[in-house]
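Peer 1: Residue numbers (my numbering), protein chains in the order written: chain A, 58 to 713; chain B, 166 to 441.
Because the hints were derived from the structure by calculation, they are not lab data.
Don't take each hint at face value.
Non-contacting residues of chain B with respect to chain A, defined by C-beta distances greater than 12 Å in every case (computed) [said to hold, decoys possible]:
#, residue
1, Ile168
2, Tyr335
3, Phe414
4, Gly415
5, Glu434
Chain A regions said to be covered by chain B (calculated; three or more residues, Cβ under 8 Å) [as the list claims (entries may be wrong)]:
#, region
6, 404-418
7, 540-549
Each residue gets a CB set at the ideal place from its N, CA and C atoms; glycine is no exception.
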Amino acid sequence: MAKIGVFVCHCGENIASMVDTAKLTATIADHPGVTVSSEYKYFCSDPGQETVKKAIRENGLTGVVVAACSPRMHEQTFRKACAEAGLNPYMLELANIREQCSWVHTDRDEATEKAIEITRSLVEKVKRNNDLKPISVPVTRRAMVIGGGVAGIQAAIDIASAGREVVLVEREPSIGGHMAQLSETFPTLDCSQCILTPRMVEALQHPNITMMTYSEVEEVDGYIGNFTVKVRRKARYVRMETCTGCGDCIQKCPVKKIPSDFECGLGNRTAIYTPFAQAVPNVPVIDRTRCTYFKNGKCKICQKTCQIDSIDFDQQDRIETVEVGAIVVATGFQVQNTAIYGEYGYGRYKDVVTGLHFERLASASGPTAGKILRPSDGKEPETVVFIQCAGSRDAAKGVKYCSKICCMYTAKHAMLYAHKVHHGNSQIFYMDIRAAGKGYDEFTRRAIEEDEAGYIRGRVSRVFEENGKLIVRGADTLLGRPVEVVADMVVLATAMVPQPDAKDFAKRIGIGYDEYGFFNEAHLKLRPVETATAGIYLCGACQSPKDIPDSVAQASAAAAKVLGLFSKEQLEREPVIASVTDATCAGCWGCVIACPYNAIDRKDITDRNGNVVKRVASVNPGLCQGCGTCVTFCRSNSIDLAGFTEKQIFAEVMAL
Amino acid sequence: MGIQEQYRKEAAELLSSGEVKLVIGYGEGSTAERRRPVFVRSAEYVSRLVLDGSCVANLSSYLVPEGLLSDGKKVAVFLKPDGIRSINILAAESQLDPEQVVILGFDIEGGQAAPLPGRKASDFTALIGSLKSAGLSPELQKDADRLEQMSASERFGYWKEQFSKCIKCYACRQVCPMCYCRRCIVDVNQPQWINTSSHTLGNFEWNIIRAFHLAGRCVSCGGCDRSCPVNIPLRLINHRMAKEALDTFGHYAGESAEQQPVLATFRQEDPETFIL
Ligand SMILES: Cc1cc2nc3c(=O)[nH]c(=O)nc-3n(C[C@H](O)[C@H](O)[C@H](O)COP(=O)(O)OP(=O)(O)OC[C@H]3O[C@@H](n4cnc5c(N)ncnc54)[C@H](O)[C@@H]3O)c2cc1C
Ligand code: SF4
Ligand code: SF4
Ligand code: SF4
Ligand code: SF4
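When you get a sec, could you build the whole thing from the sequences and use the hints?
Peer 2: Next comes the structure, spelled out in structure tokens:
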């Protein structure tokens, strides 16, 4: 006989204000099989849980329904309480009368009726629940970090320093990401290279870190604790093992006028190149689309120059397979292509540049050796106009969100300009100054008060060229009048947007993304570094626009999650897995194809003499994630899911 | 020599040479226009085979009963293009090995049977490709358009009336080559998802499940439609699903023996307009 205990939670006012909990408790008490029905202000609290445990022990309950919030919130809490009282934890069901009822309704009577139905249907389900035991699976205690920007580097170093192996995959020839391109960094104005390069070298030299640069993840298979990742090691045409990074080949390469991506096109590189002088690893690659030898079959000057014969034109891309237990995604961002703003003249006028260009101009290792010189004629600009939100917070043309860093880096740019060009005049068009962060508001105040940055509140309508000057027309909305600034250079604070391939990448590795292509966390507030896919974590600007302090903090948080996962050799998994009824399976293999986790194999059914009579589908419990895709696909209705059996679901539906 | 003579001769050769153990074809039926399947195991009986414009049934459904092909021997079968597509689906769903099926292919043009060259399902790939590009049946489309033009509630009313006639005889299931499950979902009674009695709800449940189970698999042979004793226009439901599969996913049932089921495959370029 079923003895079900129902515990109706008020969740403070969250539920009780919209649902008549007394009526719910009384109605359910009369439902067949219900032994205990009680209500309380907070069942998740310690005394609340004690009440549940006591009721289980005293009444010998065979099942428990807690009518409260979403199972995502407190299923674990109450499962634990049940287990402590000696009841199998899978004999618990949560009836969600908060998110799916009290929060979304405005009529108390109707909401109460609905709460009664929801609770009743879970009572019917729990009557058909079975004792389940968690499954143990081994954990491969090696992590992969994808993306070698500051976030990826930090995560890799943290995991490696705690004694676990890390494979760091970076698709560019060098790690470093955007931070390697920056000049000085807000809010402390320390030189970006000076603080980043030691970290890059530490990652390279760390005994627990295997670095795979110029490499891309092609495919991810498996599940938490047991991923198999295929990595494409792109041909460098330079032997990593022997190259000393002397750079003689780069000096001699005859193809010299290739615009450098790292320098945002403000400087050139050769066909054999390292993206920047401090590259890690300091091993060049040959850009085969530009190399004379690859184009015409003649040249090989680099090979002749190299004294240790490290150039290998016959190298091919290789696919390397890596087994890891956890994956940290740190693939970063890109700056939006500002050509969408025709009126700002980006792409048309050489002296209209983005913030990233300005970083290169201000960088001591940049194309101008740190002098602020305008691109068109190399002259020092006397007036610079900065336009904030050139893409951000603009639902019509750009993106809806705030890129979070542009207010800060624009203030930084104005400061650097003031420090380098003493008589210079900077004017900043802004919508708001958003400077929330440790030392951030002080920083923007300093730009205004000490470095005399002029802030004009308003939008720019047009930038055009006249007599070698850039005329910036806009409005000063505080004074309510039009303004015109005659400038030598215009810097656009471009939006931070996802990598161009972010959505494809997310599909490839199996994580979610938002409307823009930033990757989705499992819960914005409570699980910000986990994805909905167990074992895959996020950090840095691939999740949302971030500055360096936030990227690094999130990287360490992701590392902590990985190390938590690696703290045990075995991992307990939910026993919610599918199983096939051999007798009815028609062997169509639809489920084999449908299963997103490749968890279904073919199994031979043999007679006594070992002859194969038929072949049926068979679920590998180690791989099955309990998603239920196969159950819905199977036409012969031969698959059932433990914990969500058809009998349970049917009873649940019929009770409504 | 007429096509019937020609195919009888071929059948006789296949049987006497031992290449096939059985020929499945058409024979005389209870009226002059009716044909019923005949199973010829010896060359002396090939004269029972009939081939003319009345041979419309899709005989591929006779290949799937358990055990028929398990000895690895070949079977020859008279098939129109729709039947050949069925062979591809059955092969793709591993219900048979296409190497075991010798196709005696024909089509019906202007009320007459006309031969189709080829022996194996793969010989007909080009033909099936051209059928795909010709699109779904224009006559059916006309009837389907009439339904599409109705308002949702009118359309619901239409199907409610049609389905209310269903007597749950399952003739549509028995005739369909795609309905090869040993135990059909309607026969599951723990729990009983589909009501077995012939009332509106149960009839809706059955007919809609049938439509979904045939989505991307129905080859429009018309077997179900012809066999329905109460004349429910089942072809229109099948047509609607086939159109959806073709328009949304470029999927034409039975294009090849390697085709993957449309409802089980995910491709990166699949439209995801319904997911955020
Ligand atoms: C103009 C400008 C000025 C800035 N100034 C400051 C400042 O002063 N202070 C501050 O705190 N922040 C500043 N920032 C922000 C800072 O750049 C970011 O916070 C930081 O770079 C984010 O680091 P990340 O590792 O998440 O991403 P990224 O730096 O973008 O690194 C991502 C890395 O992943 C790699 N990658 C991408 N996709 C793949 C893939 N599929 N496989 C393998 N590898 C991949 C990329 O090649 C790259 O190396 C500035 C940003 C801009 C645009
Ligand atoms: S989908 Fe169903 S019938 Fe087909 S192989 Fe899988 S379990 Fe068997
Ligand atoms: S429930 Fe089915 S489809 Fe989902 S992972 Fe398990 S076996 Fe695969
Ligand atoms: S559903 Fe009807 S028309 Fe379609 S293949 Fe089956 S019997 Fe033929
Ligand atoms: S053949 Fe017609 S009456 Fe019989 S089950 Fe099918 S739809 Fe119903």
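Peer 1: Does each hint fit the structure? Answer for all of them.
Peer 2: Evaluated hints:
Residue placement check: Ile168/B keeps its beta carbon more than 12 Å from all beta carbons of chain A (closest about 35 Å). Here Tyr335/B stays apart from chain A, with its beta-carbon at least about 15 Å from theirs, past the 12 Å limit. Every Cβ of chain A is farther than 12 Å from the Cβ of Phe414/B; the closest lies at roughly 14 Å, confirming the non-interface assignment. At roughly 17 Å, the least C-beta separation between Gly415/B and chain A is larger than 12 Å, which holds for a residue marked as non-interface.
Non-interface status of Glu434/B relative to chain A is broken: a Cβ of that chain comes within 12 Å, the nearest being about 10 Å off. By the rule of at least three residues with a Cβ nearer than 8 Å to a Cβ of chain B, the coverage given for the region 404-418 of chain A is violated, with 0 such residues. For a cut-off of 8 Å, the count of residues in the region 540-549 of chain A with a CB near a CB of chain B stands at 0, and the three-residue condition is violated.
Checked against the numbered hints given earlier, the structure breaks hints 5, 6, 7 and satisfies all the rest.
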